[in-house]
Amino acid sequence: MSDYSITEDKKPILELVENGFDGKRLIIIEAPPGAGKTFLSVLCAKRLIDLGKIRDNQKVLLMTFSRNARAQLNKEAETVFASDREELKQIEITNFHSFFQKYVWAYRSYLRLPLDLELVWPIKRYQQIRNALPELAGIRDNIIDALSSCLEFFPAEFYPPISFLSKKYKKYVLPVKDIILNLNKEGFIAHADLAYYFYLLLNKSPFVLETLNAKYPCIILDEYQDSSEFQDLIVRKLLGNKNKGIVFTDDMQMIHAWRGASKERINNLRKDYSYSHQE
Amino acid sequence: MRIRRVIIHNFRSIKYLDFKPEKISLLIGGNNSGKTNVLQALDFVLNPYKNWYEGIVTEYDFYNRNTEEKGILSDGAECTGINIEIWFSDFTNGEEHQNDWDFCMEHINNKDEIISYDEESNEEAEKILRITAECHADLKPLFHFTKPDVENRSFTRSDKEKIGFHFVPAYRNPLYELSFYHNSFLSKLLEREELKEKIGNIIEEIGQSQKELFEDEKFKENFESLQKSIQDLKLISSKKEGAMGLEPLGISARRTLQNFGLVFQPINTEKPIPLKNQGVGAQNAMLILAILQTIKEAEHENLILSFEEPEQNLEPYYQRLLVKKMLKPGKKNFQLFITSYSPEIIRSFNFNSVYLVQNQKINHELIKFSDEEDASLDWRKFLYRLEKRNKEEVIAGILARAVLLVEGEAEKGGLPVFSQLSSIGFDDVGVELIWCEGITEIPKYIKYFKRLNIPVIALCDKDEESCNLTQRNEIAQMADLTVVWGSYEESLLSSLTFATPVKFAEVCNKEYDFGENRDIFISNTFDAAKTPFELKKFYHKEQKELMDCSNLKELLNILKENDLLYCYQKFFLHKSLANIRRSRLVANEICNGNEENIPPSICKLIALVIEFCEGKINRINGDVIKIDNCNIAQVIKDNPLMLEIINE
Chain A
0 MSDYSITEDK KPILELVENG FDGKRLIIIE APPGAGKTFL SVLCAKRLID LGKIRDNQKV
60 LLMTFSRNAR AQLNKEAETV FASDREELKQ IEITNFHSFF QKYVWAYRSY LRLPLDLELV
120 WPIKRYQQIR NALPELAGIR DNIIDALSSC LEFFPAEFYP PISFLSKKYK KYVLPVKDII
180 LNLNKEGFIA HADLAYYFYL LLNKSPFVLE TLNAKYPCII LDEYQDSSEF QDLIVRKLLG
240 NKNKGIVFTD DMQMIHAWRG ASKERINNLR KDYSYSHQE
Chain B
0 MRIRRVIIHN FRSIKYLDFK PEKISLLIGG NNSGKTNVLQ ALDFVLNPYK NWYEGIVTEY
60 DFYNRNTEEK GILSDGAECT GINIEIWFSD FTNGEEHQND WDFCMEHINN KDEIISYDEE
120 SNEEAEKILR ITAECHADLK PLFHFTKPDV ENRSFTRSDK EKIGFHFVPA YRNPLYELSF
180 YHNSFLSKLL EREELKEKIG NIIEEIGQSQ KELFEDEKFK ENFESLQKSI QDLKLISSKK
240 EGAMGLEPLG ISARRTLQNF GLVFQPINTE KPIPLKNQGV GAQNAMLILA ILQTIKEAEH
300 ENLILSFEEP EQNLEPYYQR LLVKKMLKPG KKNFQLFITS YSPEIIRSFN FNSVYLVQNQ
360 KINHELIKFS DEEDASLDWR KFLYRLEKRN KEEVIAGILA RAVLLVEGEA EKGGLPVFSQ
420 LSSIGFDDVG VELIWCEGIT EIPKYIKYFK RLNIPVIALC DKDEESCNLT QRNEIAQMAD
480 LTVVWGSYEE SLLSSLTFAT PVKFAEVCNK EYDFGENRDI FISNTFDAAK TPFELKKFYH
540 KEQKELMDCS NLKELLNILK ENDLLYCYQK FFLHKSLANI RRSRLVANEI CNGNEENIPP
600 SICKLIALVI EFCEGKINRI NGDVIKIDNC NIAQVIKDNP LMLEIINE
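Here the protein sequences come in this chain order: A and B. Under numbering that gives the first Met the number 0, the first sequence has 274 at position 275, and the numbering climbs by one with no breaks. Under numbering that gives the first Met the number 0, the second sequence has 175 at position 176, and the numbering climbs by one with no breaks.
Quick caveat, the hints were computed from the structure, so don't treat them as lab data. Errors might be hidden in some of the hints.
[Claimed, not checked] Here are the simulated lysine-lysine pairs, DSSO-like style, with alpha carbons at most 27 Å apart:
| id | chain 1 | residue 1 | chain 2 | residue 2 |
| --- | --- | --- | --- | --- |
| 1 | B | K535 | B | K574 |
| 2 | A | K203 | B | K210 |
| 3 | A | K88 | A | K123 |
| 4 | B | K543 | B | K574 |
| 5 | B | K295 | B | K19 |
| 6 | B | K187 | B | K210 |
| 7 | A | K203 | A | K101 |
| 8 | A | K88 | B | K187 |
| 9 | B | K390 | B | K327 |
| 10 | A | K10 | A | K241 |
| 11 | A | K101 | B | K159 |
| 12 | B | K390 | A | K52 |
| 13 | A | K9 | A | K23 |
| 14 | B | K574 | B | K19 |
| 15 | B | K159 | A | K88 |
| 16 | B | K574 | A | K88 |
| 17 | B | K195 | B | K446 |
| 18 | B | K446 | A | K101 |
| 19 | B | K217 | B | K159 |
| 20 | B | K536 | B | K559 |
| 21 | B | K543 | B | K502 |
| 22 | B | K535 | B | K569 |
| 23 | B | K387 | A | K88 |
| 24 | B | K69 | B | K49 |
[As the list claims (entries may be wrong)] Restraint ranges, calculated between C-beta atoms of paired labels, are given here:
| id | chain 1 | residue 1 | chain 2 | residue 2 | range |
| --- | --- | --- | --- | --- | --- |
| 25 | A | E77 | B | N121 | 50 to 58 Å |
| 26 | B | P47 | A | A70 | 31 to 39 Å |
| 27 | A | E77 | B | F263 | 36 to 44 Å |
| 28 | A | P205 | B | K19 | 15 to 23 Å |
| 29 | A | E85 | B | R254 | 21 to 29 Å |
| 30 | B | V279 | A | E17 | 23 to 31 Å |
| 31 | B | H299 | A | E85 | 43 to 51 Å |
[What the hints assert, rightly or not] Pulled from the structure, derived: some chain A residues nowhere near chain B, Cβ distances all over 10 Å:
| id | residue |
| --- | --- |
| 32 | G33 |
| 33 | Q71 |
| 34 | R84 |
| 35 | L87 |
| 36 | A105 |
| 37 | R111 |
| 38 | L180 |
| 39 | L211 |
| 40 | E263 |
Every residue, glycine too, gets a C-beta built ideally from N, C-alpha and C.
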């Protein structure tokens, strides 16, 4: 178990992983940039696999917010698992949107989305919304962008306030939501819609959530400060009743505050799963 | 995980088949009915070790040899050529997400319809995995997950391996399976990763052992002189030692193991004998045991075993024993398919796991022996009784070409005796006799056998007491042929043997000694619940005289004088023959091994059954029986669906 070059400060965390999280569900690690989080998260995954905590059919899910972070994780994994390439099958490195997209695509008939489904880029989406609602024709792109990601703020049935929109534009939220849902049915889906459908899948299917819970007994989340409220909700679903999680976060690096990311979310997570470790 | 449904289009003899197997499914059916093709279809899709590049599919594997044959898939789309779809359900131990199968799962309702999240039945939806294999005119089979969302994602060898399907065909080779060939049962059972090192050691030892050869002086001398001659050519090193040597070459781990064969020491010999020199039956029994052991060992792996005719070359005792073991493998993730003709095998199964394979014109049908879905309580009770009380008889009936339903035990015991003595009898046309326990049960038996598409002949007594007309009419409507006659007892009394009371007395005395069993002949017959009125009346009047008879002949003579002999004989037989064994004995006594002694009515009945089986008697438009140039039976005027045997 001492194959890796572990610096002093990472040891306690790996020990915690080895000791079965000291009986807790969640380890929250606050770390500034350059502390080697990416490397550490891959090490944790490897340690879990080496300890036999991950059965043949199971995987450790390493999920990041951005594609860049995913690429870095992949690079670290290549190094850490260089001598045990078979074990690479037992980890899955992905980012939120790709992860959602894979499932939404695989279950699109079930979700009543057409088989012929196109992932549209923001420019096209803005155009489609403007075409459907001519009143929005002259409105700035950043407002349209906020409106067009509104599905990401509709966890299930409730309607959270989209605080960053001024009163003037708030009245467009519901009409735009309907436009987007229609576009989806017509075969156009945007990245910002994926979480909505993934959450629908987890909530409605009698077995998909169960299967995911069984498939990923441990989830490692990077850059958690950038996740949205909706993503937080999904993570809680994925943690289920007994799965474990390692959450890396860095308040200093919070770059997506306008998307609804917040420090409070980490605090709630910490409270709800009652364990944390400060680096 | 288990196979929940199999839908086959255009594969070999199967134009179309939709089959929902149980955890244990026994397929029975006649030769060429398509049993094997059902299992072959599974093997075609699920066997990971078929090498498709070698062109295993040929034109002959297509229905009607037509690679363009069409079919309609469950979603309404048209398919061309071979299309086999297999559904899996009941996943355990995380099978549903191995190899990322979780992307391929689909939601179905209890009607096996694929549903979406907003449908009413969604909450109870079950997960299934569908696989499709197709093959078109290019003869290159394609295997993919069926779910349209995953866009023909390949169903790979690795996926197949997870399913753990094994097919043991009728043309199996126990010698192969019990050797260390790749993927043989013996290999599966004994070979493990850990063994590799040991095998390496064996190969090493063989290499070392070449030194022994050089201990032979002559060998060494010749070897070294050969080495020297080659060295003189300057082709190889000029070192004195090791310039030429011996090493074991081409000894792979597989080959090393294959050099070992099983040997057994039979009970009565001193030395072990190789498997191939053992009897074929013993080889088969050993193979089955190896398979059972494999099932047991593969505790955590899924296993779907399809086994053709496990009875092959086995004596009935072993057949029963092995099937019993097979049915209780003590393993949860195990599914079994068996084909068989053997009644010994069939009777070991529950009726609701036995399927009759039938090749209809446009589709194949696998009909469950006992299908209780949506059945009335009355029908379920009947099926229960059928299985619990006359399983063997029903199995024989299902395996027959036609069944003859009879009311009582007398017919069941006696008719086969006469039939066997006839130059052409029931066995020649494949007719099986079923005793229905009274006329009221006959319609249920007709319904049961008709459901399995087995032709039914019903035989009813004409005597008014036991048969009311409505019942007979109901039977005539349902059966393929309904034959009416006086009664079995009347038929016996028409035999030459019973022409005189003397012979009747002799036959009866074989079973009961009059001296010791007077009650049977006197009070039990004259004064029983259903005794005809005239006999009863006579008994009460002449009781003393009857009691004074010293033997049966005397009794019969008294009855003859009073014109009651026929009435007495008929009733006595009726009472006495309500027992299969006794009836069999009486029939044998009547015939005494001579075909000419078969009572005439019974001869006619047998002839009629044979004519029916040969297609000479038919229903016209479903409502009239047609019978040509016949002097043995006639159509009943007021009920044209019935034939009455003519008495001369």
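Consistency of the hints with the structure:
1. K535/B with K574/B: Holds - the C-alpha atoms of K574/B and K535/B are around 15 Å apart, at most 27 Å.
2. K203/A with K210/B: Violated - the C-alpha atoms of K210/B and K203/A are around 74 Å apart, more than 27 Å.
3. K88/A with K123/A: Answer violated: K88/A to K123/A is near 37 Å, above 27 Å.
4. K543/B with K574/B: holds, 23 Å
5. K295/B with K19/B: Holds: K295/B and K19/B sit about 26 Å apart, inside 27 Å.
6. K187/B with K210/B: violated, 35 Å
7. K203/A with K101/A: Judged against 27 Å, a Cα distance of about 17 Å means the pair holds.
8. K88/A with K187/B: holds, 25 Å
9. K390/B with K327/B: Roughly 21 Å separates the two Cα atoms, so the pair holds.
10. K10/A with K241/A: Distance ~25 Å between K10/A and K241/A Cα, so the pair holds.
11. K101/A with K159/B: Holds, at roughly 23 Å.
12. K390/B with K52/A: violated, 52 Å
13. K9/A with K23/A: The hint holds at about 19 Å.
14. K574/B with K19/B: violated, 47 Å
15. K159/B with K88/A: Distance of about 18 Å is within 27 Å: holds.
16. K574/B with K88/A: Given that 27 Å is the threshold and the Cα spacing comes to 79 Å, the pair is violated.
17. K195/B with K446/B: violated, 61 Å
18. K446/B with K101/A: Not satisfied, since the Cα-Cα distance of roughly 53 Å exceeds 27 Å.
19. K217/B with K159/B: Roughly 57 Å separates the two Cα atoms, so the pair is violated.
20. K536/B with K559/B: holds, 16 Å
21. K543/B with K502/B: Measuring from Cα to Cα gives roughly 25 Å; hence the hint holds.
22. K535/B with K569/B: Holds, at roughly 14 Å.
23. K387/B with K88/A: violated, 53 Å
24. K69/B with K49/B: holds, 26 Å
25. E77/A with N121/B: 50 to 58 Å: At roughly 42 Å between Cβ atoms, N121/B and E77/A fall outside 50 to 58 Å, so the hint is violated.
26. P47/B with A70/A: 31 to 39 Å: Hint holds: Cβ distance 35 Å, inside 31 to 39 Å.
27. E77/A with F263/B: 36 to 44 Å: Once the Cβ atoms are compared, 54 Å apart, the range 36 to 44 Å for F263/B and E77/A is violated.
28. P205/A with K19/B: 15 to 23 Å: holds, 21 Å
29. E85/A with R254/B: 21 to 29 Å: Check passed, 27 Å falls within 21 to 29 Å.
30. V279/B with E17/A: 23 to 31 Å: violated, 58 Å
31. H299/B with E85/A: 43 to 51 Å: violated, 19 Å
32. G33: holds, 35 Å
33. Q71: Its Cβ never comes within 10 Å of chain B, the nearest being 24 Å, so this holds.
34. R84: holds, 16 Å
35. L87: Check passes; 14 Å lies beyond 10 Å.
36. A105: violated, 4 Å
37. R111: violated, 5 Å
38. L180: holds, 13 Å
39. L211: violated, 7 Å
40. E263: Non-interface label stands for E263/A: nearest chain B Cβ at 32 Å, farther than 10 Å.
Hint compliance for this structure: hints 2, 3, 6, 12, 14, 16, 17, 18, 19, 23, 25, 27, 30, 31, 36, 37 and 39 are not met, and every other hint is.
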